[in-house]
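K.L.:
On the provided structure of chain A, position chain B as indicated by the hints.
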Amino acid sequence: MSTAAYKFKIVMLGDFAVGKTSLVKRFVYDAFDDMYLTTLGVKVTKKEIQIEDNGNRFEVMLLLWDIGGHGRFSEISMNYLKGAGGAIIVSDLSNADTMKHIQDHISLFHEINPGGKFFVALNKADLVDAEKSGSDYIKKYLDYPEICPDDVVFLTSAKTGNNVETLFHTMAAQMMREKQ
Amino acid sequence: MENEEMNAGTGLIRKSTLLDNPVLRHFVKKHRLNDIEALVLGALLELTDQMKTPIKTTYRAIADGVELATMSVYQSIESLHRNRIIEYKPTGDYVHISFGEIDDSIEEINLAYINARKIKRIESDILYMKKQNYVPSADLFDMIYPIIGKLVAKKIADALRSLVNYIDERLDDVLSMKMWKYRIMAFRTKVPLGEIILRESLPFYIDEIFLLDKKSSLLLGHASRNGEEKVDRDLVGGMLAAINDFIKTSFKAEKSSIDEIQFGNSKVMVTEHVYFFGALVAKGSPPLEFDNRIEGVMNDIHILYRRQLKNFSGNMEDVAGIEKPLERLIEDTNRVPGTGANGGRSLGKVKWAAALLACILAVFLTWGIFCRVMNWQLEKRIAAHMERSLPAYSHDLVFNVDGKELAVTGTVSSRETAEALMREVKKFPGIQEVDNRAVVADYRSVRRFRTELEGLAEQMTGLQLALVKQELEKIVIQFPTGIMAVDNAQLLQVRRAWEILKQHPRIHIDIIAFNDPAGGVAVNRRLAEGRMAAVKQSFVRLGMSGERIHVTDFDPEILSADPRFTQFRENRGIMMFAKIPH
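From first to last, the protein sequence lines stand for chains A and B. Position 72 (the first sequence) corresponds to 72 in the numbering used here; numbering is contiguous. Position 243 (the second sequence) corresponds to 243 in the numbering used here; numbering is contiguous.
If you're looking for bench data, these hints aren't it; they were derived computationally from the structure. Idealized CB from N, CA, C, for every residue including glycine. One thing to keep in mind: the hints can contain errors.
Claimed, not checked - If we take Cβ atoms under 7 Å as the criterion, some of the chain B residues that face chain A in the derived model are:
1) LYS215
2) SER216
3) ASP234
4) LEU235
5) GLY238
6) MET239
7) ALA242
8) SER313
9) MET316
Said to hold, decoys possible - Taking lysine to any residue pairs in the SDA-like style, the calculated list, with each CA pair at most 20 Å apart, reads:
10) B:LYS324 <-> B:PHE290
11) B:LYS324 <-> B:ARG225
12) A:LYS117 <-> B:SER313
13) B:LYS215 <-> A:GLU178
14) B:LYS579 <-> B:PHE554
15) B:LYS214 <-> A:PRO114
16) A:LYS117 <-> B:ASN311
Pulled out of the complex, with its shape left as it was, chain A reads as follows (with noise of 0.2 Å):
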């Protein structure tokens, strides 16, 4: 049984082959098969990291809900989504589609659990120039009430880890800090 004070579930949201799985991937070890994600939609991993905040060390778990993302959210994914007290939304950076449904899964995601936090992460950084990992590029598609670009928009490399790490501590730190 572990022994994390506080455990949180966070659901990866995004447009097929945006690198949900990848980032998390990057982010912890994987446990279980991709069939579970073929088969059910959805695929579970952890990771427990410690957080410090006002000079407090919490142990904090995370459990990561990895939501397959192919086409139309299905009645089954809207599930998954239920109890979530935080969601990623990740996006491909050099896929302009999946740019435009972001606002679509923050929606969703509030729909199911209002009042969640979330964080967008823009994948595969890696793949794109300055141009397009510029703040005007990405205010094109974010220019949204809802979205601060600057508190909750992460520029994200699951192959070469960039940002990675900070997304999820930064997001696990948030949440602690609204639990106290």
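P.N.:
Chain B only, in chain A's frame:
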């Protein structure tokens, strides 16, 4: 590009079909592989020498072999891996590929393939018969028997053997006490007898229990049979929640108190509550009352933790100790017979019965002691009261109280005292029945009776003395002239006398000696005293107390008046006279 690839692929698929590989056909049918996957699999079967040898190659090499794009090969290999047909591990530019073990043996697959080919020959006939609603005749069975008959016969034989064994086992039980117990249970619970037998026959135990937050599916608590943690419980819990959601949503399963997911010999029993759900991983058939027991435990958890669970936000401190009821449920359910699944319950019942019996015995024992003390105190009070109430020295009584009954034993001096006794006893309200066994005894009558008895005894003694005297007078111990020692003739007489005397120990004897006048007084005195001493010594030797034998002084005239002496006047000897000393 895609069309080109497909065209090329299709050509090769035909080629692969021509391979006529039973194993390939088996995998294609079993896993519903598409043409490209089948093509890649066929190539891999060839490269691995029909699954025997693992290979190290590149996607491009395989792609070149089957004339497909590298990406298609990559996706096909991923798919074959997901279907658990192959294992693969990329290393740099290379990929290691091997086949895992499969359930069906290659021989079985080959046999199935050969049979399938035979069936193929009559496929058109079967289709024709199906179209004509043809009712199969015995001819058809004769025709297809050589093809599938052996397989069918083997399966039927196996099934029959299994059925016979099952019936045998059941018949063994049919007249047993256990069977009657099951019948009563079936009657009482309205559950079919067969189901009860099955439930009771198979051992049931819980491997693990997961308690999951209904909202987030986070693991709230967990308990396992052996405490081992081989897999991550949080992950398993999450996946169980996902599977439960998947099944419920996919199959729109009807709501019931406990849902079950079967896998192999185990099953997951899922029970939902307002804020959480429990998932029990168990083996065997649960006993009839098990659903109620789970519900009971879950209700207890709900009552204890409902406030924390309602607003559960991931803080595990809120649900500290929630696994305790789960551990108890596992412990109670898995208890082995004799140490405490079935037997545990039996032993528990025996323990309860023993404890109950001990309590009952303790109560009875305490009550018995209490009653005895109360009776003893009442006896003491009655005795004290009688001492005061009855005339002094008029009674000698013992009182025994047994509940409301009093038994009186002993003596009272008069009928009046006996009546007074009964009057006084009735003053004790606790005494409802009196068993008066006291004997009325008048002291004056007793004294007179005793005196009469003593006189009678004295008369009897006198009578005895007279009889002994009479007998002893018949015995005269004579001695030869000048002899003092006791010889055989004298000893015979002594023995005769002793036979009489030993019957009357209270009687003593006087020994008196007599002599003829010759020899002078002095000589005769010496001889007389010597003979009396010798006779006394002979009596003592025979066992007579010397105190009973009184030797008299020699007096030549002492016997002159005795009429018996006249006939012994010229002889010498000893005479004996019986007496009772005062």
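K.L.:
Hint by hint, say whether it matches the structure.
P.N.:
Comparing the hints with the structure gives:
The closest approach between the C-beta of B:LYS215 and any C-beta of chain A is roughly 4 Å, which is under the 7 Å cut-off, so the hint is satisfied. For the restraint placing B:SER216 at the interface with chain A, the shortest Cβ-Cβ distance is roughly 3 Å, inside the 7 Å limit, so the hint holds. With a cut of 7 Å, the hint placing B:ASP234 at the interface with chain A holds, because the nearest CB-to-CB distance is about 5 Å. For B:LEU235, the suggested interface contact is upheld, since its CB lies about 5 Å from the closest CB of chain A, less than 7 Å.
The beta carbon of B:GLY238 comes within 4 Å of a beta carbon in chain A, closer than 7 Å, and the hint placing it at the interface holds. Taking 7 Å as the C-beta cut-off, the interface hint given for B:MET239 holds, the closest approach to chain A being about 5 Å. The interface hint given for B:ALA242 holds, since its Cβ lies 5 Å from the closest Cβ of chain A, which is under the 7 Å cut-off. For B:SER313, the interface hint holds, the least distance from its beta-carbon to any beta-carbon of chain A being 6 Å, beneath 7 Å.
The interface hint given for B:MET316 holds, since its Cβ lies 6 Å from the closest Cβ of chain A, which is under the 7 Å cut-off. As the CA atoms of B:LYS324 and B:PHE290 are separated by approximately 18 Å, the hinted pair is consistent with the 20 Å bound. Restraint check: the Cα-Cα separation between B:LYS324 and B:ARG225 comes to about 13 Å, which is no more than 20 Å; the hinted pair holds. At most 20 Å may separate the alpha-carbon atoms for a hinted pair to count; A:LYS117 and B:SER313 meet this at roughly 13 Å.
Taking the CA atoms of B:LYS215 and A:GLU178, the gap is near 18 Å; set against the 20 Å cutoff, the hint holds. In summary, the hint linking B:LYS579 to B:PHE554 is supported, as the alpha carbons are separated by about 19 Å, within the 20 Å threshold. This hinted pair checks out: B:LYS214 and A:PRO114 have alpha carbons roughly 17 Å apart, not beyond 20 Å. Straight-line distance between C-alpha atoms of A:LYS117 and B:ASN311 comes to about 17 Å, which keeps the hinted pair within the 20 Å bound.
Of the numbered hints stated above, none is contradicted by the structure.
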